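> Let the sequences and hints guide you as you build the complete structure.
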Amino acid sequence: MNQDKPKTLGQPKRKRKRWSRDDTELTLLGLPTTIWFVVFCYLPMFGLIISFKDFRLAPGKGFLTSLLQSEWCGFKNFQFFLTNNTFGMLLRNTLLYNLVFIVLNLVIPVTLAIIINQLYSKFASKCYQTMMFFPYFMSWVVVSYFVYAFLNPDKGMANNIIQALGGEKVMWYSAPAYWPFILAFMSTWKSMGYNMVVYLAGITGIDSTLYEAALLDGASKWQQAKYITIPSIKPMIIMMFILNIGKIFYSDFGLFYQVTQGVPNSLYNVASTFDTFIFQALRSQVSIGQTAAAGLFQAACCCATVLITNFIVSKIDEDNAII
Amino acid sequence: MNISEKKQLRKAQKALDKQEAQAASRLNRIKPVTNALFNVLFALLSFVCLFPVFYVVMISISSEESIRLNGYALWPEKFSTTAYQFLWNERATISHALLVSIVVTVIGTVLGVLLTTSMGYVLSRRQYRLRGFFNWVVFIPMIFNGGMVANYVVVANLLHLNDTLWCLILPLAVSSFNIIISKTFFRTTIPDSIVESAKIDGATQFTIFRRVVVPISKPVFATIALFLTFGYWNDWFQSSLYVSKSNLLSLQALLNNMMQNLDYIAKNPSAGLSLQQYRNSMPSESVRMAIAVVIVIPIACAYPFFQKYFISGLTVGAVKG
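Protein chains in written order, with the working numbering: chain A, 1 to 323; chain B, 1001 to 1321.
None of these hints come from the bench; they were simulated from the model. Predicted model only: the values in this text are computed from it and were never measured. Backbone N, C-alpha and C fix where the C-beta goes; we use that ideal spot for every residue, glycine too. Among the hints, erroneous ones may be present.
To be verified - Among chain B residues calculated to face chain A with C-beta under 7 Å, some are:
id, residue
1, Val1153
2, Thr1204
3, Phe1305
Stated by the list, open to error - Anything over 10 Å on all C-beta distances counts as not near chain B; from chain A, calculated:
id, residue
4, Pro32
5, Thr33
6, Gln79
7, Phe80
8, Phe87
9, Leu96
10, Leu99
11, Leu106
12, Leu119
13, Ser144
14, Trp179
15, Asp217
16, Val270
Pasting the structure below:
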């Protein structure tokens, strides 16, 4: 994070001020939020020691005492998770889906933003934006009902159309082959309008004289997009990219869990990710230490990826790094 | 040359500039055919985005019989309002869930806005001694967090918040991203001189925040309030983790549970029916979709008005923090 340099504005540089009344007041003002952060962000981080413990709830004792009294067990909990035969599948699904989503949610919205900026009628452009923004405000639960209306094997629209054309019914919710495409489509559907509007905000901020100059030099529309628009919104693209890469070991839980109707067994291999695995483990008899270990693995990987990506970006171009 | 002549001259110059700009932009226009094609493309995409809502509404007003015969149709053979009548019969359950949703959304939004903006203001003060430390407090959770399980352990086992309203409210109240948005806003729009002059008048930082900062920072408050409102209104995940009591189910959670089990809603049989008969008589297919419609409609009506705050918030947030 960039620390601002202290403004000196003509004054001679002084030694650091002493603690003032202002500082006390600001500390008090920031205190409630700090307490929130300690309780809901830092306490869970401390709670991760549970993944190094063989946790058993001691009878008649509180959670905290039993946690502190349980045996340390080193990396045994991680072993369970990392040597589990589903681990490879989960890793593959989480990373591949995320990569596909990152590419789709970058290429399509940027293209659309460039195109919508060219439309003659600004009013039409506003209307399209508003309509395409809509899915972003739906929760995945509601979206799962939408999907259900289309994919219901007996009554859904997809099968109605297939049957009307003389095809055979597809049991969508037990046909794994289609789901990578359905999930990718739904992810794009939900965030396309939102991302487009974000990039469009960047594009409308570009100085129009650049385009006029390019026009005088005889640049085609394609060349203008390639040499002016995209370089101008590059910082934005890179920032979104780093933020998304930082979440590459996480998955959009709602998408995978709700849209597939709770990851049925038949779809287990195509729609399971780390998050659905952890959620299901939390609900089942798997020990809490082992699920916490899975969570810690996820968090550590993410932290590493975001730092590495940021490091690489800062090596290439200092200005575009976010940390 | 008198003043009116000067004015006219300036006006003419302005008009000329405008014409030139227009001419340039007209030269730089895409061809009319391409424009038409792009319009078709966007009309199609907008249609894809809105079509499911229309479809679900149509299903919710189909009669059970036509659903049984034709499946979910775009235009049902027979319309019926039984689904909505059924929901009306069950209005006790629905309105209770609605109440939970509203209470959680309102309290959460107010609390979240206060916590977020106060921290944002503190971080935006350049002279503050502990600013570096607080910056890190806010920043670290952005790159590392305890994950679902550790959060669950803290909320459920340590704080014993499960099956209370607080487990729906507190975990979502603050996010580092929102704090950075408000920090950037305060830093760029509130001049130090205003704060200084208020201080000279003897105001404490609390007073400055309440009486000076809040009134001139309405856009950022609106943006963060909207982020939080939609976050709370659409949340079902906290409920599915922490809530097992049926009287704490929000609308989203109710909808979520109804996907698996419609029993959640059939509780008030009308006269002369046993509970089982009542459940069997329920228009199960259309009721599902009807309750989805009940959730979607308020958002669909409201979001076009709030959209611009979302966008402004995002562009502010995009400035490097």
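> Checking hints one by one. Is B/Phe1305 an interface residue toward chain A, by the C-beta closer than 7 Å rule?
violated, 10 Å
> Is the interface hint satisfied for B/Val1153? The criterion is a beta-carbon contact with chain A at less than 7 Å.
Hint holds; B/Val1153 Cβ to chain A Cβ min 5 Å, cut 7 Å.
> Can we confirm that no CB of chain B comes within 10 Å of the CB of A/Leu99?
Holds, because the least Cβ-Cβ distance between A/Leu99 and chain B comes to about 20 Å, which exceeds 10 Å.
> Once the closest CB in chain B is found, is it more than 10 Å from A/Pro32?
violated, 6 Å
> Does the no-contact call for A/Phe80 survive, Cβ to all of chain B over 10 Å?
holds, 14 Å
> Please settle this one: A/Leu106 was flagged as non-interface, so is its CB more than 10 Å from every CB on chain B?
holds, 15 Å
> Is the nearest CB of chain B more than 10 Å from the CB of A/Trp179?
holds, 18 Å
> Beyond 10 Å from every chain B Cβ: check whether that's true for A/Val270.
Consistent with the label, A/Val270 stays out of reach of chain B, its closest Cβ about 20 Å off (over 10 Å).
> Hint validation: B/Thr1204 versus chain A, beta carbon distance must be below 7 Å. Holds or violated?
holds, 5 Å
> Verify that the Cβ of A/Ser144 lies farther than 10 Å from every Cβ atom of chain B, and report whether the claim holds or is violated.
With a cut-off of 10 Å, A/Ser144 comes too close to chain B, as the shortest Cβ separation is near 7 Å.
> Is the nearest CB of chain B more than 10 Å from the CB of A/Gln79?
Holds, because the least Cβ-Cβ distance between A/Gln79 and chain B comes to about 17 Å, which exceeds 10 Å.
> Is A/Phe87 truly not at the interface, in the sense that its beta carbon sits beyond 10 Å from all beta carbons of chain B?
Answer for A/Phe87: holds, closest chain B Cβ roughly 16 Å.
Hints 3, 4, 5, 12 and 13 from the earlier list are contradicted by this structure; the remaining hints agree with it.
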